[in-house]
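> Sequence:
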Amino acid sequence: MHLFFRWQSLQKGEPDPGSKNAAATTCREVFWRPHGVSVFPPGGFSLRFLIWWAFHHLGVFYNRDYAVFLMFDGPRLVHRSCIFPGFFRFPFMGPEDLQVGDTWTHPDLRGKGLATHALRAITGGKGGTGRNFWYVVEASNQASIRAVEKAGFERVGMGSKRPRAGLRVLGYYAIENEITLRGQD
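Note that numbering that gives the first Met the number 0 numbers the sequence shown so that position 173 is 172, with each residue one more than the last.
None of these hints come from the bench; they were simulated from the model. Check each hint, because a few of them may be wrong.
Stated by the list, open to error - Lysine-lysine pairs mimicking DSS-like chemistry, simulated, CA-CA at most 27 Å apart:
| id | residue 1 | residue 2 |
| --- | --- | --- |
| 1 | Lys125 | Lys149 |
| 2 | Lys111 | Lys125 |
| 3 | Lys160 | Lys149 |
| 4 | Lys149 | Lys111 |
Said to hold, decoys possible - Quick list of simulated restraints, FRET-style, between CB atoms:
| id | residue 1 | residue 2 | range |
| --- | --- | --- | --- |
| 5 | Ser37 | Glu177 | 34 to 40 Å |
| 6 | Ser159 | Leu57 | 24 to 30 Å |
| 7 | Val168 | Arg63 | 39 to 45 Å |
| 8 | Val29 | His56 | 39 to 45 Å |
| 9 | Thr24 | Arg161 | 19 to 25 Å |
| 10 | Arg27 | Met0 | 35 to 41 Å |
| 11 | Phe71 | Arg47 | 16 to 22 Å |
| 12 | Ala142 | Thr25 | 40 to 46 Å |
| 13 | Pro94 | Arg32 | 33 to 39 Å |
| 14 | His34 | Asp101 | 18 to 24 Å |
| 15 | Ala142 | Leu46 | 24 to 30 Å |
| 16 | Phe71 | Leu9 | 18 to 24 Å |
Ideal placement from N, C-alpha and C gives every residue a C-beta, glycine not left out.
Take these sequences, add in the hints, and give me the full structure.
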């Protein structure tokens with residue numbers, strides 16, 4: 000079972016990332032974007048990045064805003080959050096929406112607020128009128144749930160990953176139990 004969270008943009012630059020916590024204060028932040036033959040972000044050598052680079056260049060993603068938000072403490076990568084435009088796995092997303100996923104924090108710095116800070120920086124840096132940001136998390140992942148709620152995302156439902164044509168690789172995420180949010184009655 001997965002939980003689905005959403006943050007709705009009002010205008011570019013919202014929300015205010017606020018003050019950085021002590022762990023984030025010394026970090027250098029980078030929004031990496033694929034360009035040319037630049038397939039892998041710094042510190043991110045994985046086949047997944049090759050697939051996402053291909054999706055970006057082949058137009059599989061609904062828009063051109065695929066990026067990776069990176070935080071470094073000196074040369075050491077301490078946090079990574081991927082930013083994905085919608086595609087066939089996320090049919091509930093609009094054409095300008097983004098999904099934050101494949102998030103990783105260095106084990107020594109987990110629980111220090113880096114993921115929450117990254118989510119605020121992403122929504123602040125990539126926001127725009129009418130743009131939604133989505134975050135899908137396993138219902139048992141309490142650390143990620145706390146981070147996304149602290150960043151101001153609202154839970155919009157529960158759901159699951161479903162196979163398409165009997166294949167998990169072509170699967171998609173479906174919101175099965177939507178929650179009515181304040182002001183949307």
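> Looking back at the hints listed earlier, which ones does the structure fail to meet?
7, 8, 9, 12, 13, 16
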